[in-house]
Amino acid sequence: MTRRAMSATVITPLGAQVRRDIALGWRGRGQALVMLGFFLIIITLFPLATGPDEAQLRPIAIPVIWIAAMLASLAGFTRIFADDVRCGWVDQVALSPLPLALYALAKAVVHWALTALPMLVATPLMGLMLYLEPAGMPALLLALALGTMALTLLGLIGAALTEGARGGNGLLAVLVLPLAVPVLIFGVLASTPADGGIVTPHLMLLGAVLLVLLALAPLVAAMALAEAEAETGA
Amino acid sequence: MFDYLANPTRFMRLADRLLRPLTLLATGLLAAGLYYGLLASPPDYQQGETVRIMYVHVPAAWLASLGYVALGLCGLFYVVWRHPLADVALRAMAPVGAMFAFLTLVTGAFWGKPMWGAWWVWDARLTSMLILFFFYLGVIALANGFDQPERGSRPAALLALVGMINVPIVKFSVDWWNTLHQPASLIRSGGVSIDPAMLTPLLLMLAGTHCYFAVIVILRMKSILAERRIMTMQLRRAATAMPPDGGTG
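Line order of the protein sequences matches chains A and L. For the first sequence, our numbering begins at 1 and goes up steadily by one. For the second sequence, our numbering begins at 1001 and goes up steadily by one.
So that you can see chain A by itself, here it is in the shape it has in the complex (with noise of 0.2 Å):
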């Protein structure tokens, strides 16, 4: 294909659908605060649960960390796909040249950036609120930035299987969470900073399973979202 037919066909349609969802997810971002907001509380709840006391917080800093990113990032993911099926938009991208795939791959970009980075951003803050040395910093960033990628690319896959489907977010969860099992045991480990520096084999595995991920996640959405299409359109 030619780089001007490629322009036309692919490149240009995706820089479109990019602009169209950081001008759409910047006008409810208010979602993304209340996202913020959830997993400030979930951390924010640990404490209350185990007491104040530093010896018990610090050891179970990174995970409830973890953890607090992995569940506020679940209660986003029914949101990834709904407005677009339910306005037709997605009929007009699967009649368009861009290959739904793509399109998939594109709202998982833009809804990590809206949903993930403010968590990202609000981690230190609350890492020192745990106890956590800030010379960790780094590592836990690196990490959680891989970690929620890998899981905005399963919550597309959840998104795209359960579109239309009863139960919503409950089903969302126990679809996703066993497939994030990975993410979370090399995530937490990654965390870690080791003597090597921050790039340990477990930030390595982790990048592993994105690019797995990676390369799978659009295309199944994608499979997925052409069933979808299909039944509203009928």
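Hints may be right or wrong, so weigh each one.
Claimed, not checked - Distance windows between CB atoms, simulated:
| # | chain 1 | residue 1 | chain 2 | residue 2 | range |
| --- | --- | --- | --- | --- | --- |
| 1 | A | L71 | L | A1109 | 23 to 29 Å |
| 2 | L | A1031 | A | L48 | 52 to 58 Å |
| 3 | A | R166 | L | E1049 | 45 to 51 Å |
| 4 | A | L48 | L | L1219 | 47 to 53 Å |
| 5 | L | Y1004 | A | V34 | 50 to 56 Å |
| 6 | A | R20 | L | Q1234 | 40 to 46 Å |
To be verified - Computed footprint of chain L on chain A; a stretch qualifies when at least three of its residues, placed anywhere within it, have a C-beta under 8 Å from a C-beta of chain L:
| # | stretch |
| --- | --- |
| 7 | 172–178 |
| 8 | 182–195 |
Calculated directly from the structure, the hints in this document are not laboratory data. Note that CB positions come from ideal geometry on N, CA and C, so glycine has one too.
Based on these hints, arrange chain L on the given structure of chain A.
Structure of chain L alone, referenced to chain A:
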């Protein structure tokens, strides 16, 4: 062969022919396996009589794992080759596999209490089986999670496919997690080398539960196909019973 079986009527006929021999085979193998396992085989020199739980636990674990691979294959057949009976097979197998996973966990708990002193430990194998059970629940929930009964077939097939790819990754990550968080006591169950006197009942039970799985899945597939046929007939009757100017409520 799968093309031949794509016709539901042909499948039903073949299934009917296979059902009786398979049931007899399953009953016979399970009876023999249970006899040898519970009565005619020696107790373990370390574990004593409690080793006999192995004869139920190992086949259940094996079938739970195999069942998920089969589920993934059904998903593959449905999504890639659009085999008409693949989603019926998927819906038939999922609860059976889930039941075997649950059975594995329960019998594992019964085995664990006398062996390790705890009903549950978070070792790699148990945790993997628990997560596999959740995978099963997800497929079942998704397949039945839509108002239109058939709408859930494709998402469930996709999920089973994604799960089949992910289960090795999850298993690897749980093993990784377990070796790094070394538990206080090193757990080894079953042992690598097994006495021939124990091997026979184990193999009999394995073969018997495989046949049992096949019998149950065939029965469930038949009932799902019958359900669909009934629904079609009901819809057709409702459509033709309606007079052109409206209905009687």
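Against the structure, the hints come out as follows:
no. : hint                           : in the structure
1   : L71(A) x A1109(L): 23 to 29 Å  : holds (28 Å)
2   : A1031(L) x L48(A): 52 to 58 Å  : holds (57 Å)
3   : R166(A) x E1049(L): 45 to 51 Å : holds (48 Å)
4   : L48(A) x L1219(L): 47 to 53 Å  : holds (52 Å)
5   : Y1004(L) x V34(A): 50 to 56 Å  : holds (55 Å)
6   : R20(A) x Q1234(L): 40 to 46 Å  : holds (45 Å)
7   : 172–178                        : holds (count 4)
8   : 182–195                        : holds (count 4)
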